[in-house]
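There are 2 protein chains.
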Amino acid sequence: MTQVAETSLHRVVIVGGGFGGLYAAKSLRRSPVQVTLIDRRNFHLFQPLLYQVATGSLSPADISSPLRGILSKCRNTSVLMDEVIDIDPQQQIVKMQEQDIAYDSLIVATGVSHHYFGNDQWKATAPGLKTVEDALEMRRRIFVAFEAAEKELDPEKRQAWLTFVIVGGGPTGVELAGAIADLAFKTLKKDFRSIDTTEAKILLLEGMDRLLPPYPPDLSEKAAIALTKLGVTVRTKTMVTNIEDNTVTAKQGDHVEHIPACTILWAAGIKASGMGQTLADCTGASLDRVGRVIVEPDLSIAGHPNIFVIGDLANFLHQGEKPLPGVAPVAVQEGKYIAKLITERLRGNTLPPFHYEEVGNLAVIGQNEAVADLGFVKLSGFLAWFVWIFAHIYYLIEFDNKLVVMIQWGWSYFTRNRGARLITGENLPIPVEASSKDDGRSPLERKAPVEV
Amino acid sequence: MTQVAETSLHRVVIVGGGFGGLYAAKSLRRSPVQVTLIDRRNFHLFQPLLYQVATGSLSPADISSPLRGILSKCRNTSVLMDEVIDIDPQQQIVKMQEQDIAYDSLIVATGVSHHYFGNDQWKATAPGLKTVEDALEMRRRIFVAFEAAEKELDPEKRQAWLTFVIVGGGPTGVELAGAIADLAFKTLKKDFRSIDTTEAKILLLEGMDRLLPPYPPDLSEKAAIALTKLGVTVRTKTMVTNIEDNTVTAKQGDHVEHIPACTILWAAGIKASGMGQTLADCTGASLDRVGRVIVEPDLSIAGHPNIFVIGDLANFLHQGEKPLPGVAPVAVQEGKYIAKLITERLRGNTLPPFHYEEVGNLAVIGQNEAVADLGFVKLSGFLAWFVWIFAHIYYLIEFDNKLVVMIQWGWSYFTRNRGARLITGENLPIPVEASSKDDGRSPLERKAPVEV
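Residue numbers (my numbering), protein chains in the order written: chain B, 365 to 816; chain Y, 365 to 816.
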């Protein structure tokens, strides 16, 4: 069935409730338009902090806000929890499973997912980090690994349980490695009786010649030094060639190494969401190597001035050089620009092309430790960490009460406590591999007083 | 393989990390014993607040604490994440899948689960509330129901999506009904565009002649009045005879009613955990009607003075009358008593039988509204709610930093916001039943300005 809303108002349909979609909707609040925001989920996810859920510092709800709640005061906006399956640019219709919605302007902001460079079989062993479910699965694996190590009697197997390999040295990989080091070397230190959690090995593997490749080289170096100090083994120029049977095969030049590890986390590649291909099929839009839509200077698709792509899904050539990175500030500015563009067009005006205002790059490494490139100044250490905290609180507060996150952080800061380290899920939390060899002693006896 | 720890210390094995097991372990901290606490989960769950997770006010981690964290300062205590499958009282051994542990004293505190009175097929349609996963499933269903109603065009189906039936008028049922009423009539009021959430029907069905049967009758009446005021339909003397195809069949005297409802929540029966039967098989312990172990005046099993059952799993005749209720204060006092008993026995002393110090009964109904029976005084309304808040914070703080919960509550109190209303899980969050009849108008148009 096709349903074309008959209304005198200009109809804006936004697909995706991430930073781009949400800021577009919010910025259209006072414009004479009728907005429908469609998302498969009922909440906006603050992805920059997802690694803190994966490592047991925050709960999913701490970094999520219900879309209806955020937009309840935008009286011209409806939220629809549904999945878009196709677009018809001729009829100007967005198609879902059970209904269609007509648009005058369409904004697509469905983001990216992770990508295994053609090795999709690695996914089961090495989960990525894009959704709440991904984060909970990482959290489950990390904490199960310590539990399994505590029960394991075979020293080799125990070391495999205590080995954490993070593939990819971008911001997510750096943040994960730092947080797991904090966990193993500080938070969990006194919690186990059989194992010494400080024997954990945390390896961060990066294919390029330095961590955080898009950042200035001196910040990359500072990040590597800080991580090493935290206890992380950083390996650059290292390609992962296989992941199988709890073993990572890594190649550094001619040197091939097999690393036994029960916890392998993927922070390497990205791939555009399926809407990129859908748009290419129906509009003839060009896609880049990872499937992102190449957009015009006004973020529209060539030949379709009323279809816009923003956020991580868009490939926008910044200053004619390279595409803008997939970070929140880019999506936010793009969302606001489109809202303004649509409003001005309704008044018969035009706008100059989109221009991204640099706000800098940030990556947190651990407690009191981050790197920041703010354009006019490069920071590292405590000062960068301080900037990082404030930048994140600023964005969180914009959406919702995230006072709670501040309190959590404040508390964790002084206590090094991580309250959210729960192993949850439908499956029995004890992994099958955690079998103990019979050496006649229970793992609990190894440190208990033993009389023979 | 059988592993018997050789140690000069008296070995106490505790099965279950709920209130009973945890307080037993904590109270044994300074005794000359070696304690092993075994739990399938790695965290203690503060069950009295589970309904707040189910209704989107709190996150699982807010009401959970990692067992290792709570016990990290009890240096004589080891935590083992594992599942007990059998007990051998002759050899004094607790058996798990891959290892055995020897005990001198055994404390079993594995609690209860919910029970469908022989209608286990109802479980899929009417989930209960005992675990974190249960609570997240309830949360998913409640919020999916509102989303589905928003998209539903058929008025009958829409009403079924907006009908919430809670089976069982004990504290959990009362708390769930009150919280869902708060959600529908206050929190979500401005969030939807097509439906009016205040058209939601919330039915609380209780088989007995009044709510909260173990409480004094005047408090039951006050609870019913307060719930009715909140918008809940309370039906007592009402038996559920069938749950099928999103329909509850309820019988009140001779009157049989079929209630179409997409969200049916089970808060009716309890059944002892499987360890009850295990103990009966290996020790000859007597079980009551719901499978709880009937214990001696010192909480041991008859003929087995070193095996104790505490908490919800125990049936302890209070003052020779009726069994103690399955509430946290009972389990806490029992855990402390056993710790003291074991310590005194090691000194060659005995203790008088266990005596429960009444601390009262509490049930919260909604914001500012609760009932409390403190023995010397009965409270309702705001005062009871205040007592409830403080009683819960007291216990939460005992375990961990739950300052955050206080802040959450404080914030929700003034804003009526519920930040944790996420629909999560691996399944596509859109239910199949949410199909729309084709009336030629999209659900979004129903309230949108329409020009024909």
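Among the hints, erroneous ones may be present.
[As the list claims (entries may be wrong)] Calculated pairs, DSSO-like style, for lysine-lysine (alpha carbon to alpha carbon, straight line, at most 30 Å):
id : chain 1 : residue 1 : chain 2 : residue 2
1  : Y       : LYS700    : B       : LYS554
2  : Y       : LYS686    : Y       : LYS615
3  : Y       : LYS565    : B       : LYS593
4  : B       : LYS554    : Y       : LYS704
5  : Y       : LYS700    : B       : LYS437
Bear in mind the hints are in silico, worked out from the structure with no lab data behind them.
**OP:** Mind listing which of the numbered hints don't hold for this structure, in increasing order?
**Re:** 3, 5
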